[in-house]
Amino acid sequence: MPMEFAGFPFLSAILISCLAGFFIILCLPEARAREIKWVGAVCSGMTLALAIYLFFAYDKSRGGLQFVERVQWIPSLGIQYFNAADGFNLPNLLLSGIVFFTGVLTMWELEIRVKEFFALYFLMVTGVFGLFMSMDLFFIFVWYDVSLFPMYPLIAIWGTTRKEYGAMKLTLYLLAGSALILPAILYLFVQSGLNTFDIVRLMQPGTFTAYQQKFAFILLYLGFGILAGVWPFHTWSPVGHVAAPHGVSMVHAGVLMKIGAFGVLRVAMFLCPQGWQHWAQLMALLASIGIIYGVLVGLRQTDLKYVIGYSSVSHMGIVGLGLSTMTVSGLNGAVFQMFAHGVMTALLFSSVGYIYDRTHTKAIAELGGLSRIMPVASGYFIVAAMAGMGVPGLASFWGELLVLLSAFETYPIRGTLAISALAVSALFMLRVVQKTFYGPANPKYVDLQDVPFSLGVPRMILVTVILLFGFFPSLLLDMIETASIPFINGLPR
Amino acid sequence: MTLYTCLFYVLAVAIVTTTGIAITQRNLVHAVIYLVFSFFGSALLFYLLGAPLLAALEVIVYAGAIMVLFLFIIMMVKMESIEERMPPLGQWLPAVLCGILYLALGAVVVYTAPGSEFPLQTAMATPVELGKYLFQRHWLSIEIVSLLLLVAIIGALHLGKRKETGGTEEP
Amino acid sequence: MAVPWVSDLTLLAAILATLLPLCSFLVVMLFTRSHPRISAGLSIGAMSVSLLCALFLLNEHWHMEKPLEYAGRWLVSGSIEIPFGFLLDPVSLLMLAVVAVIGFLIQIYSLGYMAGDPGISRYYAFMSLFLWAMMSLVVAPTLFQLYIFWELVGLSSYLLIGFWYEKFSASQAGKKAFIMTRAGDVAMFLGMLLILLHLGNLSILEIDSPALAARMSPRLLTLSALLIFGGIIGKSAQFPLMTWLPDAMQGPTPVSALLHSSTMVAAGVYLFERLFPFFFFSPDAMTFGLFIGTLSMLLASTMALVTRDIKEIWAYSTISQLGYMIMGLDAGAFFSGAFHLTTHAAFKALLFLCSGVLIHTFETNDIYELGRKGGRSLKVPMACCCIAAGALAGLPPLSGFFSKGLILEGLADLSNPVWLIAALFGAFLTAYYAFRPIFIILFPREASGEPEVHSATSTSKDHSAGHSSSHYWLMGWPLILLAGATLCLGFLKAPLEHFMGQTALPGVKGIGHPVWLLYTEIILAVGGVGLAWMEFGRRCAQQVGFVEKIPALHRLFAERWYLDHFYGWFVDRVIDRGVSALFTQNDHRVIDGSIDGISRGTVETGRLISHMHLGMVQYRLLAMFVVMVLLAFYFFF
Amino acid sequence: MRIVPFGHVLLLAGLLFVMGAFCAVTRRNLVMIVLGVEIMLNAAGIAFVGSALRWGQLEGQACVFFILAVAATEVAVGLAMIVFAYRKTGSFDPAGYNQLK
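Chains as they are written, first to last, in this note's numbering: chain Z, 4 to 496; chain C, 39 to 209; chain A, 1308 to 1944; chain P, 10 to 110.
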């Protein structure tokens, strides 16, 4: 097998530590819940450490693909194990690491069927990491499905509200997405005539005709777009988020939805740039509808997690809008927003998780006045909600700013529509904050404890990340730019 | 318009009519009896079309053996008394539609095919000729068919055997 | 990023001035939440250093030829570059000093006012955040940075207005403030993008230079000016986004003082000052601004005529004074607006702080009740209050007289006399409503047929008396300082005008000084005070205002011209029950419905097909038959 | 001596075939289904005999011979199975035979 490794295979190490966690947990007996959680924490911490290392070890001045690992696997079909890091996937890898680690810590209090939960959880995250780092179409598809199928048991067993319905809906939606992706990938494979699934080779200009690109792009866009919550294929996401247990919601909204957007970027836009240019108008339309639609529907929700779910729809609309602009800033903003939204949603779900574990309700009407009872837990939520409104100084502001700016430049009317959603999103977030955390304390919950320090760790990490990238956006943007500038400049005119 | 032509049409009408009555009869015994007439008609038609041996076999095997076997079974299990359910609409409507389509298609094909207007001339293949032909050309098939009949007999025996009593001899 | 800059003392001072409050915010939030004394000390300490730096900067650059600009790279994305830095010119230096002074005094005052509140650490943290945001806004060199801090100012005022979050009205008011200003911000953001698209960057100095006018067509220029003015409308609570400001008094009184004088609402006018040349290039936008300013000024004055809540009166007066500033600026008199902003900051802070003492002592906001409980017995606050009200009314020789006079002179230069007449009428109303509460508190009438509910007032009075003596002077000193400022600021007009005029701003007119205007102003102010005296002050007065004698008018004013009803209706009916409900239904019925329909269809199809798998021979026969027919068709055609 | 055009024989066979198929497909009685199959076989036989005359070949008639044999076999086995099934379920309705489901 011909191999190519540039130094120590850090990317594979991430996958291996995930899989190692998976197998160790499988081997441990069910009763040793404590050990299982520690194994989970250590392995996920290792992935986070590796992701952070990669993020800072990446040579920004050189750019391009780094940490390349390539092994021929099935040469006759041109399938290879091909991982690499660039400016687009490193932020996402970092995000996955953060959300994964904090997700494990958030589920620290889980008591039922701990072993199965963490095993499935690790499997899901393996798929996520694999997808982000893979540069081979075949593996992208495989990882996509690996990350999806544990969702069903995770939601259906450990979920809460209408869990079977939510799990079923989510799984069916996402499988429908993969049913669109697979033919598109095979179509590209066959049409290229190169007998390879290698994205780098397939993305050479002139590989596909304009017609082929248009056809494949729309399939890939819709297929991955379903996972990214593109309007009108978004209804799985609130339902799924509500039903899922908190740690899963975190990964789900924080990372899994990014997979969709990342897939659109990595597969659809990389391979079919002309298709992208052709369909960009449609993308922008759907995205801006999604932005305003998400907040308006969220306005009427009565369940805390539904609210977050719809805000995700809106924020992912911003990502989609950024991807549709065909400008450097739009792409930067989109990738930045992927990262920022991931962290922010993870924080939202994490704090809601804490509150739900104590009060056993997510109905906004039944909560109220929580700020008095648990100021710290409320504080986490409020910070995340502020981030959701795009308050400066918090990470998602920059993503929104860049996206809206370039959207306004490219599509003035749709951009204006999306910008006007800013006001509504404030209304919607503040309404939730007011009803849940302000007002007189509910006597039912007066005796509840605030977040102790040990349980606050994951939330603190997330807040720190939000603030860090809110104040120093260049940390992330410089990284993204190493990928976005060559990509945009390389587009056929 | 020869006598043979008249004969053919008379036979054709007779066959179709009796078959039609047979398949719509609710009483099974009547249906079988009508079908026997249909087969007699077919036998005559075979004779008309120059196959006397086959005509004889038709009468003996079809009208004689097979139909009698039917009657025998029907009477054995007292089937006349059983109410037959009307088939549902979803069942016979497609059947009728397909039938009509099929007939229409057949008619079109028959009339557009080049050789369909070819007039049939009377001729006769004597039983001797047919017998010789069969045993010269198709002796292996004859053997296979005989084997098939044997297998069928054994199979029928096996199926008809009553488990609890250890089996009764079935004709 | 500050390393090579440290040698520059100016820059160091600017960095210190703006950054220290942020540090104190972070430290308080993260570490000293449970130690109120340390938190307060940290916050005040940071603020005092900021104050010193601000004053140092003002002193250092009292004579400057051209604006100083420092910028460091903050963010680069494609062609968009967002620098972070400082722009120091007379406009920003003066405002920085004003914010620092008032912020510092209010923080001292809060020591007394907030004593005993469980959330005092949080209070000081938010205060620091607020002041940081405002001071950074003031020195922002680009519209981007300004917008960022503009949003942060909105956020921190949201947090402070809703500080007592257990009170429904407080959290509601905070929300309202944030959302209404956000609505304006959306317009401002659009305007900003419009400029960015044509100019390529958002440096304030470049926007103010005539180069921009050359690059944009007049219509686009007007459009972007109007959009940015939308942001000002929201922030400075002008018509039609004015109703959040009166509600914002639900926060602690020092917060209101800060909010109304030098930070939140001042930010809007400050932006106008900042972009004054830019607005000046589009006469249509200027006229529109004049119209909005006048309208808000008059509307707010009428509302102030009838309300009984002392803080609400001052809140309306803020709106009307902001209206004056915007009128002055829109009339082209740049210095008049800036000067009125400065003097207003002093006397409005004073007014609120005085009322704060009264409210703190008597635990009520109602002016009649304050009078009845003996508001006149608090000598220092009442005296200061009178001075401030006099400044508000424009009585000579207080500061408000000079600044308002400047605005009137600017308006007199306009060809259309309508604006001047409106402004003079407003001046009369101002004097009237400023002294109405003063007289009511000073000369209480016993049981004038007002059925007041005396619920738990006596106990609360004891409670407040317990700690008031020690805190009284903590609150008193800032009052006296501010009263002094109110008294003398007017005489600083000439040096300030010289200072502000140093960096040549385009479009500033030479202002004439018609003498009759001065007299008219004095006569109207005195007339307004006199009318208030006639109705509320003299011994046999009924203490019923002339507006209250006309029920319809009274109702209209008390209901704030039904603006709130309109917004309530709009948010509730149109957005919440209209669009939002429609979309929710769409989600449930159409999208989910069709998806569920598909799944149900699949299940039904499966059931249909499963009929064929009943083990029923006839269906198979039928299928064979059908397939045969189809095959026949296929082969023959 | 002419009898009829060849097409008419084929039409007759086709009509009979359709009748048989109809019988086999729609009647809710196993015996009638087998009967329908018999009719179809018979129709095929007529077509064969006609073709044999048309081309003067004995091959067609030979086929009919085999068809007869197969028909006899089929009826023997089929009827035995009917009896068997009747003993199992007590019904001749094909819809009742869904034990494999």
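These aren't lab readings, by the way, just hints derived from the structure by calculation. The reader is advised that the hints may include incorrect statements.
[Said to hold, decoys possible] BS3-like cross-link-like pairs, simulated, lysine-lysine; straight-line CA separation at most 27 Å: (1) A:LYS1856 <-> A:LYS1680; (2) C:LYS116 <-> P:LYS97; (3) Z:LYS166 <-> Z:LYS40; (4) A:LYS1680 <-> Z:LYS438; (5) A:LYS1680 <-> A:LYS1373; (6) Z:LYS447 <-> A:LYS1856; (7) C:LYS116 <-> C:LYS170; (8) Z:LYS63 <-> Z:LYS438; (9) Z:LYS166 <-> Z:LYS118; (10) A:LYS1474 <-> A:LYS1800; (11) P:LYS97 <-> C:LYS199; (12) Z:LYS63 <-> Z:LYS118.
So, going through the hints one by one against the coordinates:
no.: 1; hint: A:LYS1856 <-> A:LYS1680; in the structure: holds, 26 Å
no.: 2; hint: C:LYS116 <-> P:LYS97; in the structure: holds, 16 Å
no.: 3; hint: Z:LYS166 <-> Z:LYS40; in the structure: holds, 24 Å
no.: 4; hint: A:LYS1680 <-> Z:LYS438; in the structure: violated, 36 Å
no.: 5; hint: A:LYS1680 <-> A:LYS1373; in the structure: violated, 55 Å
no.: 6; hint: Z:LYS447 <-> A:LYS1856; in the structure: violated, 50 Å
no.: 7; hint: C:LYS116 <-> C:LYS170; in the structure: violated, 44 Å
no.: 8; hint: Z:LYS63 <-> Z:LYS438; in the structure: violated, 45 Å
no.: 9; hint: Z:LYS166 <-> Z:LYS118; in the structure: holds, 20 Å
no.: 10; hint: A:LYS1474 <-> A:LYS1800; in the structure: violated, 43 Å
no.: 11; hint: P:LYS97 <-> C:LYS199; in the structure: holds, 13 Å
no.: 12; hint: Z:LYS63 <-> Z:LYS118; in the structure: violated, 41 Å
Checked against the numbered hints given earlier, the structure breaks hints 4, 5, 6, 7, 8, 10 and 12 and satisfies all the rest.
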